[in-house]
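Given chain A's structure and the hints, the job is docking chain B onto it.
Protein sequence lines correspond, in order, to chains A and B.
Quick note, the first sequence lines up with residues 1 to 280 if you use this note's numbering.
Quick note, the second sequence lines up with residues 1 to 268 if you use this note's numbering.
Errors might be hidden in some of the hints.
[Unchecked claim] Selected chain A positions facing chain B (Cβ under 7 Å, derived; list incomplete):
| # | residue |
| --- | --- |
| 1 | 43 |
| 2 | 46 |
| 3 | 53 |
| 4 | 63 |
| 5 | 65 |
| 6 | 71 |
| 7 | 73 |
| 8 | 106 |
| 9 | 134 |
| 10 | 196 |
| 11 | 200 |
No lab work stands behind these hints: they were computed from the structure.
Please read these numbers as outputs of a predicted model, since none were measured by experiment.
Even for Gly, the Cβ is constructed at its ideal location relative to N, Cα and C.
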Amino acid sequence: MWCKAASICKAEEMEMNGMRRGILIYGRYVSVVLRSAMQYRLSFFLMAAGRFLIAFNGFLGIYFLFSGFSEVKGYTYGEILLCFSIMQLSFALAECCANGFKKFSGTVKKGEFDRMLVRPVSPMLQVLGSGFDLGRLAPALTGVMVLFIGIKNCSVDWTVSRTAALLLMLLGGIFLFAGLFMIEAAVCFFSIENTECMNVLTYGAKEHGKYPIDIYGKGLMRFCTYVIPYTLVQYYPLQYLLGKTDKWQYAFCPLGVTAFVLLCYLLWRVGVRHYKSTGS
Amino acid sequence: MKKYISFFKIRFEVGLQYRSASIAALTTQLLWGIMECAAYRAIYASTGLEPPMEFSALVSYIWLKEAFLAMFNTWIATDGDIFSVIMNGDVAYELCRPVSLYRMWFAKSAGGRCATAALKCVPIIAVSLLLPRPYRLSAPRSLTAFCFFLLTLFLGLFVTVAFCMVVYAITLFTISPQGLRAVLTGAVEFLSGSVIPFPFIPQPVRGVLELLPFGSMQNVALRVYSGSLAGGEMLRAVALQLFWIVALVLMGKAICRTAERRIVVQGG
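Bound-form chain A, shown alone (with noise of 0.2 Å):
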């Protein structure tokens, strides 16, 4: 897989740019990991199929909960469907393409990172490509079908603007997610063992976030501005979105989870400068 990816890369090498030259071998990697899957067809469906029902069940318990109430804390029906598809799409989608944050701390254990160091490639793009998995995109499945479901049941007028805070809810959202995930990675190369506590932060988030985080109370709603800022990505656009505030300025929340990501990023440089190997 590397060798094919190598030579062709050093043939064009020269009139290619280092961007276009990420795209490429980070397509290459998942086209190779993509065909690894399919030598195992059957398991690869029933494991996104059982992705799917786990998500779908989220939907199936807010749909029967809401047989017996009518709201919560003034949202609706649909207004819920709509914040918790968004929550699942983003979820799903970052945790599809930024999986190989997830299975860093094997990486590390398997010294499989000293390879990816001698390598003439960002070790970050190695650590993402081999780590793709597809079938992790099964939940955004039922994302997209609860979202029109609350779309249907939602009395929100789509102009651009809510269109637009949307789009920008559900990119904020993935890369929030990618820079949890990346978190993850970066405290593996202080300590392998102790990862399992940011699943609160990031299944935690993507289970609970399915209602508007003000339904949770004050102190929770500052911890999510101010420590973790999922409000930058949910509650504050959501408010625009479903036209409980006039604020415009509020669909343009998502943009401040760049600073977030940058934070995670310099996190990450730190760790790979610190990086010593498990020597296996």
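Relative to the frame of chain A, chain B by itself:
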């Protein structure tokens, strides 16, 4: 019988070795429980309708679910080696032993589950008893309710293990069990009442879910504790649990026997 009790004991003691690794998992579970309670609190606060479960009963349900998670999870870490034994061909060694494959795996799985649950339930219950009022785990409804809680907890464990044994037996026919496991984990999660407690599910669906074997797993014990399930309804649920234990064990044994006769060991 003695050898199977030993398998249970061995697995129980092995399970107790995982002590240090579970601190992070414990924190996760505690936060999870608090978040779930908080969400329900918001839902309860904004409705005029009579909720199908008292809030304190719901809180008890959530905390006990977290405390005994390891007992009722469809797939737990200590069961991993049953799957790997099937996958890597070591099942051939297991078949050489003068023990029944079914009973040995049953004892091992039950032992592993009990050990993990024993480690986790103490700190989770302790913390949940110390939390401020609306989030606190309340005492059981009555002494009888508590006794029945313990009884149905273990009956539920047997149903769960008996169901997993059916899955292991089916696994003997396939090469890669992860896919099957993933689909079942997804299905059982909802059908056993881990996503939302059964009382929140409206009637025709709920009636069906209660009859399925998955409704006899954690659902009964968690609701008996707080009195959400009591009286004749509770006795009916206990009878149903006993029925499913017998049915699933017979089914698992039958599949296991067929599989043992035509097992293919994949080299290695």
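Can the hint on residue 134 of chain A be confirmed by a CB-to-CB distance to chain B that is less than 7 Å?
-> With a minimum Cβ separation of about 15 Å from chain B (threshold 7 Å), the hint on residue 134 of chain A is violated.
Hey, does the residue 63 of chain A contact hint survive, CB to chain B under 7 Å?
-> With a closest approach of 10 Å, the residue 63 of chain A hint is violated.
With chain B as the partner, please determine if residue 73 of chain A meets the hint condition of a C-beta pair closer than 7 Å.
-> With a closest approach of 5 Å, the residue 73 of chain A hint holds.
Using 7 Å as the Cβ threshold, decide whether residue 71 of chain A counts as touching chain B.
-> holds (6 Å)
Satisfaction of the residue 46 of chain A interface hint, Cβ to chain B closer than 7 Å | holds (3 Å)
How about residue 196 of chain A: closest beta carbon in chain B under 7 Å, or not?
-> For residue 196 of chain A, the interface hint holds, since the closest Cβ of chain B sits about 4 Å away, which is under 7 Å.
Go through the hint on residue 106 of chain A and say holds or violated, using the shortest Cβ distance to chain B against 7 Å.
-> With a closest approach of 15 Å, the residue 106 of chain A hint is violated.
Status of the residue 200 of chain A interface restraint (C-beta, 7 Å, chain B) = With Cβ-Cβ at 5 Å, under 7 Å, it holds.
Under the criterion of a CB-CB separation shorter than 7 Å, is residue 53 of chain A in contact with chain B as hinted?
-> holds (3 Å)
Chain B contact restraint for residue 65 of chain A - C-beta distance below 7 Å = Constraint on residue 65 of chain A satisfied, holds at 6 Å.
Given hint residue 43 of chain A near chain B, where the shortest CB pair must fall under 7 Å = holds (4 Å)
In this structure, the earlier hints numbered 4, 8, 9 are contradicted, and the remaining ones agree with it.
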